[in-house]
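Asks: So the chains spell out like this:
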Amino acid sequence: MKNKLSFYLDVAKSLHVQYADIRFEEIHSHDLRLRNESVDSNRMSVQIGYGVRVLKNGSWGFASTNNIEQKSVEETVKQAVQLAEIAAKVSTQNIQLASIPVVEDFVESVAAIDPFEVSLEEKIEYLKEASSVMKIPSVFLREASMSFRKLHKFFLSTEDSFIEQTRHETGCGITAFARSDQGEFQSRSYPNAFGGDYSTFGYEFVTKTDLVGNALQCAQEAVALSNAPLCPSGTKDIIIMGNQMALQIHESIGHPAELDRVMGSEAAYAGTSYMTRDKCGVFQLASPIVNITADATVPGAFGSFGYDDEGVKAQKVYLIKKGILEGYLNSRETAYKTGDQPMGAMRADGYWNYPLIRMTSINLLPGDQSLQQMISDIDDGILFDGIKSWSIDDRRMNFQFGSQYGRIIRKGNLQEVVKNPTYMGESPTFWKSCDAIGDESHYHIYGVPNCGKGEPGQLMKLSHGTSPVRFRNRKVGVIQ
Amino acid sequence: MKIMDSNLTQQTLAYLQKNLSGWEYQVSFHQTESTMLRFAQSNIHQNNRSVQTSIGIELARGKRVARTNLDANNFDEIVNSIQSLQSICETIAENQEFSGYPEPPSQLEQVKENPTIDPEEFYDKSLSFFPVYFQQVKNASLEAYGSFLFENFHAACVNSNGLVNQSNSSSVQFQSQIMNGRVSGYSQSTAKTIQDLAIERVIEESIETCQNGISPATIEPGDYTVFLKPEAVADIVRMMAFISMGTKAIDEKRSYLSGKLNTKVLDSCLNITEDPLHPKQISMYMDHQGYPHIHPVKMIQNGVFHDMVFDDKFAKKYNKSNTGNALPGNMGPIPTNLVLESSTTQDPTEMISQVEKGIYVTRFWYANPVSPIDGEVTALTRDGTFWIENGQMKPVKNLRYSDNIFEVLSGILAVGNDSRFTGSFFGGTVAPSLLCKKMRFTEVLPE
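Residue numbers (our numbering), protein chains in the order written: chain A, 14 to 493; chain B, 0 to 446.
What the hints contain is simulated information worked out from the structure, not anything from laboratory work. Each residue gets a CB set at the ideal place from its N, CA and C atoms; glycine is no exception. Where hints are given, some of them may not hold.
List time: in silico DSS-like cross-link candidates among lysine-lysine, alpha-carbon distance up to 25 Å [claimed, not checked]:
(1) LYS396(B) x LYS436(B)
(2) LYS102(A) x LYS124(B)
(3) LYS91(A) x LYS148(A)
(4) LYS437(B) x LYS141(A)
(5) LYS488(A) x LYS437(B)
(6) LYS292(A) x LYS396(B)
(7) LYS84(A) x LYS297(B)
Derived DEER-like restraints, expressed as beta-carbon distance ranges [unchecked claim]:
(8) ASP291(A) x TYR122(B): 47 to 53 Å
(9) LYS17(A) x GLU199(B): 29 to 35 Å
(10) GLU87(A) x ASN211(B): 47 to 53 Å
(11) VAL123(A) x GLY99(B): 55 to 61 Å
(12) SER51(A) x TYR317(B): 17 to 23 Å
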């Protein structure tokens with residue numbers, strides 16, 4: 014393969030580029046979904062192709078195709094070079110790259126059981142069983158799904174790095190939809206909304222997630238929600254459970270820490286960031302108990318990998334230390350501008366996409382309290398569980414997030430269920446109100462399969478490690 | 000070369016006809032060519048050219064169904080995949096909701112083919128207008144951000160009932176966001192050809208909005224009269240289509256429109272039609288099952304919820320005609336080419352001049368349903384928010400709205416004559432500016 018890819022890059026070199034790299038990828042996918050125990054969707058796909066990125070005259074060019082015949086190579090590389098030349102002619106930039114070690118490496122998947130070796134019958138039977146358990150009165154629709162990807166990726170650069178990586182991606186989840194006698198419709202998911210939870214483990218992740226064992230509670234909570242009163246409005250102490258905390262970390266810490274946003278190159282679409290460069294090292298963004306890392310090295314985490322799509326080795330770096338903004342997610346290009354080391358966050362959603370600065374596994378490190386301790390110290394509050402709705406401004410400051418499931422906390426005890434619970438705030442003020450973080454026993458890394466960014470739109474796979482967290486005096490419940 | 004005429008397509012079809020007697024099948028071929036130039040700080044900092052061919056194959060034996068998508072260009076791999084699907088269909092559990100594939104319409108009406116964008120013309124245009132645009136922005140001490148892109152998409156679809164159809168769609172889009180520190184202005188134009196793109200209008204609007212936005216004031220949250228530019232209206236209509244106008248959501252009583260057929264749901268001056276052949280729409284003329292998507296569906300007439308869109312499955316269920324609205328996956332039929340119109344329109348400047356007190360919104364950002372069945376949506380204003388008082392505009396800080404979007408469009412004071420197309424993930428919306436009686440703004444953003 015190295016020889017084959019070298020030929021591709023030889024074409025680029027002959028066109029006098031400063032730098033070029035090529036990613037060749039083969040991706041196998043299988044998505045399976047049951048609705049009311051019937052196979053609603055059983056889709057497989059195979060994607061094979063390559064993308065070539067070139068730097069010429071200080072500007073980037075990128076082209077990709079799934080035509081892998083040798084004769085298409087020259088044309089694709091020329092197209093990338095042509096785009097770089099056009100960009101250079103109308104721009105004043107002179108893009109430079111921070112240097113990185115040249116590596117030759119092979120990184121193998123951590124999956125113990127290859128999901129593509131598990132029979133379709135076994136997968137369907139498992140989902141059917143989970144779905145059947147949710148079949149209780151008022152639950153009119155039951156969904157159970159699994160999704161798998163197997164990725165084989167090669168990276169070669171004109172700096173002579175050659176990296177081969179294999180990776181498995183496994184996800185599964187269930188959702189119960191309930192309707193009350195009054196026609197109120199609510200849904201509840203396990204272990205999270207949007208297909209459940211995801212990891213880079215193999216089929217063993219499905220077994221561990223235990224959809225069947227959690228299905229009845231999921232269905233019962235959907236029914237309870239359909240009969241529940243609306244979440245009250247006001248200022249209250251809140252506890253955000255791990256699956257919702259993943260969203261909170263994602264939107265108000267992860268995205269604003271992307272250095273392309275900070276430096277303006279995503280301004281027109283995704284937006285900019287409140288974490289401006291002048292704040293690095295000095296800005297008290299959160300309470301001192303908050304420590305957040307970008308860690309692509311945790312085995313099995315959905316945001317882990319061997320090397321990013323620039324050939325930078327996966328790393329663990331601090332974004333927030335003792336509540337202070339400590340660092341950013343970067344690329345070779347932005348690292349050159351800031352004088353930092355590349356930390357390995359440039360990733361593309363498939364060979365057909367240009368790599369962007371993306372989150373890896375952004376993890377809020379555990380605290381020292383049990384969930385019960387955190388609840389017992391609340392007089393008037395609400396517990397939020399499960400992602401339902403999210404909206405945040407283009408600087409990642411003002412947000413409004415909704416959960417699937419709410420519980421009133423009164424005088425230190427969990428009380429009645431409430432529907433459509435929402436909370437809102439301004440990112441730094443919100444994080445500064447954090448006064449308790451759940452301990453290691455509650456810690457889990459949640460996989461996110463659908464982080465949207467860039468134009469053309471890319472969906473990235475990443476993750477967030479967290480325990481339940483308590484915030485004081487927050488505004489809740491906007492719907493009247 | 001058209002995708003239907005390619006050797007690979009013809010080989011695949013011949014194989015299916017010869018070897019899949021007694022099977023139901025649906026095969027779709029897609030060919031995409033796209034190029035995007037992204038710019039920031041008045042430099043083209045990223046670009047992306049992609050040429051892809053893919054094939055989707057779905058086989059069914061009774062109610063046992065399996066599907067695969069292939070990027071491959073290799074006939075042997077396609078045959079392997081078909082054989083693999085055949086084995087899966089022998090054993091897989093049944094899909095009780097599977098209802099077969101559409102029959103071909105009695106007459107396949109011919110529709111004029113969409114023009115195709117020439118990449119070289121796109122590159123020539125880029126080289127000629129970007130230097131002028133960047134210089135113009137620099138002269139105003141501002142910075143340009145945005146994107147310039149084209150896409151040529153061609154699809155063909157064949158099924159075992161004898162339906163054979165193909166269509167294409169091309170679009171070119173220019174988006175300009177002009178920034179001065181944190182103050183920004185935005186405009187866009189999307190067209191079928193490069194010649195039809197309103198580049199000058201986009202540049203002028205985005206620069207002017209930015210220049211007028213300096214030193215925004217703070218206003219209190221509350222209910223305000225609101226002037227929405229076409230892109231802001233399109234954002235609301237897109238959300239309405241996604242959470243409420245899909246037939247599956249209506250059928251499963253998950254939609255605000257469930258049980259409201261023939262009921263007034265919007266202001267009586269508004270009509271919303273699914274109309275891919277509308278002169279300002281950009282669309283393929285068939286759906287994802289190859290069924291023609293060419294006849295308008297009057298979904299909202301004079302504010303009354305009048306009709307729904309159908310794919311083959313829901314057309315059979317409701318005993319209605321297939322409107323050609325099948326989408327990929329299992330979302331069910333959703334309108335993707337909506338046109339919002341009114342019989343009476345005004346110039347937007349006149350609309351603004353009649354506002355005593357209200358808010359002007361250029362576009363929205365990060366819209367998301369809070370409670371889909373209630374039509375409750377939240378989103379933020381972006382790239383030009385102004386306070387209007389007695390027709391005069393002053394910049395204000397961005398705002399968050401949280402409101403029932405059906406109620407917002409139930410009180411219309413005026414409709415603009417500035418209708419334009421705004422693209423989205425699937426299709427796009429043609430909409431004019433609207434002056435709405437009331438929208439609930441719940442928060443003010445920091446500058």
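Asks: Could you check the structure against the hints above and give me the numbers of any it violates, in ascending order?
Replies: 3, 4, 7, 8, 9, 11
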